[in-house]
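There are 2 protein chains.
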Amino acid sequence: MASSVTGLDEVVLDHGSGAKLSGELISFVVETLGEVYIGEMEDSAMLSVPAGRIAMTTDSFVADPPFFGNGDIGKISVCGTVNDLAVVGARPLYLTLGMILETGLPMALLHQVCTSIRETALEAGVQIVCGDTKVVRKGEVDQIYLNTAGIGVFERAPLRMRDVRPGDRVILSGPIGNHTVHLLSIREGLGFEQRVLSDCAPLNGLMDTLLTTVGEGTVHSVRDVTRGGLAAVLHEYARASGHAVRFEQERLPIQFETVMATDMLGINAIHAANEGCLCLFVDPAAEQDVLNVLRSHKYGAEATTIGEVTGDAEPLVLMRGADGRDSVVEELQGAELPRLC
Amino acid sequence: MASSVTGLDEVVLDHGSGAKLSGELISFVVETLGEVYIGEMEDSAMLSVPAGRIAMTTDSFVADPPFFGNGDIGKISVCGTVNDLAVVGARPLYLTLGMILETGLPMALLHQVCTSIRETALEAGVQIVCGDTKVVRKGEVDQIYLNTAGIGVFERAPLRMRDVRPGDRVILSGPIGNHTVHLLSIREGLGFEQRVLSDCAPLNGLMDTLLTTVGEGTVHSVRDVTRGGLAAVLHEYARASGHAVRFEQERLPIQFETVMATDMLGINAIHAANEGCLCLFVDPAAEQDVLNVLRSHKYGAEATTIGEVTGDAEPLVLMRGADGRDSVVEELQGAELPRLC
Numbered sequence: 001m002a003s004s005v006t007g008l009d010e011v012v013l014d015h016g017s018g019a020k021l022s023g024e025l026i027s028f029v030v031e032t033l034g035e036v037y038i039g040e041m042e043d044s045a046m047l048s049v050p051a052g053r054i055a056m057t058t059d060s061f062v063a064d065p066p067f068f069g070n071g072d073i074g075k076i077s078v079c080g081t082v083n084d085l086a087v088v089g090a091r092p093l094y095l096t097l098g099m100i101l102e103t104g105l106p107m108a109l110l111h112q113v114c115t116s117i118r119e120t121a122l123e124a125g126v127q128i129v130c131g132d133t134k135v136v137r138k139g140e141v142d143q144i145y146l147n148t149a150g151i152g153v154f155e156r157a158p159l160r161m162r163d164v165r166p167g168d169r170v171i172l173s174g175p176i177g178n179h180t181v182h183l184l185s186i187r188e189g190l191g192f193e194q195r196v197l198s199d200c201a202p203l204n205g206l207m208d209t210l211l212t213t214v215g216e217g218t219v220h221s222v223r224d225v226t227r228g229g230l231a232a233v234l235h236e237y238a239r240a241s242g243h244a245v246r247f248e249q250e251r252l253p254i255q256f257e258t259v260m261a262t263d264m265l266g267i268n269a270i271h272a273a274n275e276g277c278l279c280l281f282v283d284p285a286a287e288q289d290v291l292n293v294l295r296s297h298k299y300g301a302e303a304t305t306i307g308e309v310t311g312d313a314e315p316l317v318l319m320r321g322a323d324g325r326d327s328v329v330e331e332l333q334g335a336e337l338p339r340l341c
Numbered sequence: 001m002a003s004s005v006t007g008l009d010e011v012v013l014d015h016g017s018g019a020k021l022s023g024e025l026i027s028f029v030v031e032t033l034g035e036v037y038i039g040e041m042e043d044s045a046m047l048s049v050p051a052g053r054i055a056m057t058t059d060s061f062v063a064d065p066p067f068f069g070n071g072d073i074g075k076i077s078v079c080g081t082v083n084d085l086a087v088v089g090a091r092p093l094y095l096t097l098g099m100i101l102e103t104g105l106p107m108a109l110l111h112q113v114c115t116s117i118r119e120t121a122l123e124a125g126v127q128i129v130c131g132d133t134k135v136v137r138k139g140e141v142d143q144i145y146l147n148t149a150g151i152g153v154f155e156r157a158p159l160r161m162r163d164v165r166p167g168d169r170v171i172l173s174g175p176i177g178n179h180t181v182h183l184l185s186i187r188e189g190l191g192f193e194q195r196v197l198s199d200c201a202p203l204n205g206l207m208d209t210l211l212t213t214v215g216e217g218t219v220h221s222v223r224d225v226t227r228g229g230l231a232a233v234l235h236e237y238a239r240a241s242g243h244a245v246r247f248e249q250e251r252l253p254i255q256f257e258t259v260m261a262t263d264m265l266g267i268n269a270i271h272a273a274n275e276g277c278l279c280l281f282v283d284p285a286a287e288q289d290v291l292n293v294l295r296s297h298k299y300g301a302e303a304t305t306i307g308e309v310t311g312d313a314e315p316l317v318l319m320r321g322a323d324g325r326d327s328v329v330e331e332l333q334g335a336e337l338p339r340l341c
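Quick note, the sequences are listed as chains A and B, same order.
Quick note on numbering: full-length UniProt numbering labels position 322 of the first sequence as 322, and the sequence is numbered without any gaps.
Quick note on numbering: full-length UniProt numbering labels position 87 of the second sequence as 87, and the sequence is numbered without any gaps.
Source of the hints: derived by calculation from the structure; they are not laboratory data.
Watch out, some of these pointers could steer you wrong.
[What the hints assert, rightly or not] Here are some, though not all, of the chain A residues that point toward chain B, as calculated from beta-carbon distances under 7 Å:
no.	residue
1	16
2	19
3	44
4	50
5	55
6	132
7	140
8	142
9	316
10	327
11	328
12	332
13	334
[Claimed, not checked] With the Cβ distance kept under 7 Å, some of the chain A side facing chain B (calculated, not the full set):
no.	residue
14	45
15	157
16	158
[Unchecked claim] Pulled from the structure, derived: some chain B residues nowhere near chain A, Cβ distances all over 10 Å:
no.	residue
17	122
18	147
19	256
20	323
Keep in mind it's a predicted model, so treat the numbers as computed, not measured.
All C-beta atoms, glycine included, are put in the ideal place defined by N, C-alpha and C.
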């Protein structure tokens with residue numbers, strides 16, 4: 001696809017010059033974003049916010065491949081930031097969008113990324129308020145990297161890690177491992193990508209439904225399970241609470257094909273990155289209520305309790321096996337799995 | 001320099017895994033940023049803002065080389081976003097920081113970048129509220145790219161492009177072309193980099209001094225002169241105002257060595273990127289007051305009037321030569337000068 005604005009089929013160095021072609025590239029992006037873009041073409045966007053506390057976050061996105069079966073880096077770039085705002089209890093409002101483009105990137109792919117950003121922003125109810133495009137020479141970046149930063153407002157008390165306590169139930173909103181398996185399957189040519197899709201989704205609607213329905217103080221803290229996987233999240237909570245967090249191996253929601261693929265890849269789903277899975281710490285008395293609300297939402301249909309915060313005052317992550325025995329889950333140094341988000 | 005936290009001399013792939021080494025990389029960055037980092041290690045920062053309008057902006061930074069004579073990409077990343085907030089009349093408050101790091105980047109260079117970010121943020125009076133680090137494989141990015149997004153508050157009326165009007169004086173706060181010459185001189189080995197330094201500077205203090213001193217409504221609109229140079233800024237204002245903007249060639253503030261270097265490089269200083277130069281459109285009655293205030297500040301010592309918005313209802317940029325004749329300055333398609341910021 002040639003840009004209707006520039007007449008060019010691919011990104012060229014002069015698209016990043018700050019001169020006429022830069023303006024045309026920006027027009028191409030802005031037109032594709034459509035109604036979700038509300039910038040004014042000043043050096044900064046001017047926005048209204050209510051007084052009080054806001055949430056602010058940022059993420060850069062370097063997914064490889066940038067285009068995959070049921071999404072692309074554009075979708076991830078909106079979901080990642082929307083989810084980081086949603087899990088602290090904020091309502092996401094505004095996103096910024098930074099793009100670093102490799103010379104030679106087909107305009108058709110840029111169009112696809114911007115279309116995904118548009119559709120995901122529409123679903124999440126957020127607006128893109130300003131952007132920036134940089135073009136680098138061939139080989140100075142791998143196709144396209146994005147950055148989004150976002151702000152949200154607190155309409156209720158913020159959720160913090162420090163508010164987890166012994167007895168809290170640990171709930172996952174959906175299966176783990178699928179995003180990683182989907183991307184690695186494409187990268188390595190394993191053939192699982194048709195049956196295992198990325199879970200990439202904006203979860204602010206799910207969070208809002210949950211927090212609106214259950215009583216204030218019921219949900220103590222939430223994280224989205226991204227890089228580092230469930231294990232990394234649980235280690236953070238163990239450290240933050242000073243208590244051991246235990247989960248039951250048999251209760252982990254993992255799709256059958258994902259088990260096969262992770263076995264083949266030699267990775268463990270508890271270390272796999274996801275893009276649409278929440279890990280919630282909730283009042284045990286409200287466990288069933290929370291599960292019911294989550295399961296009523298399309299992004300929480302497979303929500304399940306996997307464990308609890310124990311009374312042991314040691315910041316460990318424990319896995320209870322089928323035999324009823326606990327083993328310590330060590331924190332990985334790393335996993336040599338770059339660019340999953 | 002090996003990281004005191006990780007014991008590693010350079011960035012490795014596992015620094016981006018989300019597991020233990022990621023935590024250590026983040027600790028290294030956070031410790032180096034010191035008191036300017038106020039994040040809470042939740043998924044989003046939680047901030048207080050007064051009710052009303054805020055400004056929000058973002059920029060990605062891909063400067064080549066990332067380390068130069070009197071600065072580095074870290075300094076640029078703070079100045080770029082601070083300046084974009086300042087020129088619309090906002091007081092910059094909070095920045096986010098996204099880093100994309102190439103495997104093998106020496107920790108010493110990452111330390112240098114973070115130190116620059118720290119020092120520049122301290123000078124500008126802004127705080128880093130959250131960050132993100134991604135690590136990509138060797139060759140998937142050129143050393144280090146940064147993104148900052150920022151928000152600021154309006155304590156006075158926003159300044160907008162549409163408020164320029166015929167008769168406005170066009171003032172530059174300092175010389176043009178130096179940042180481009182400095183970086184290109186290092187890149188091409190021209191030997192000018194000792195005598196021509198980058199102008200990279202946070203200009204929110206200069207803007208605040210100016211707007212506090214001169215009466216409300218005196219300064220109509222301001223842009224910082226970055227990619228695309230003065231010519232791009234003047235073209236934007238010509239389009240926004242619907243009037244021709246004219247400058248006098250002889251009044252352009254260009255350092256002698258910069259003239260030599262741009263001649264050698266075959267570029268024109270009016271198209272060169274800067275990182276610490278404002279282009280101001282001001283009420284003609286207040287021209288001298290504005291110049292006096294700008295010149296009283298270290299970043300405006302060489303402020304000078306270069307032209308005016310004419311009464312001609314044509315969106316042109318005109319250059320008046322030494323002979324008193326006007327010529328039309330065409331907008332460049334591009335300049336094939338990548339990665340100056």
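Which numbered conditions among the earlier hints are violated in the structure presented, ordered from lowest to highest?
9, 10, 11, 15, 18
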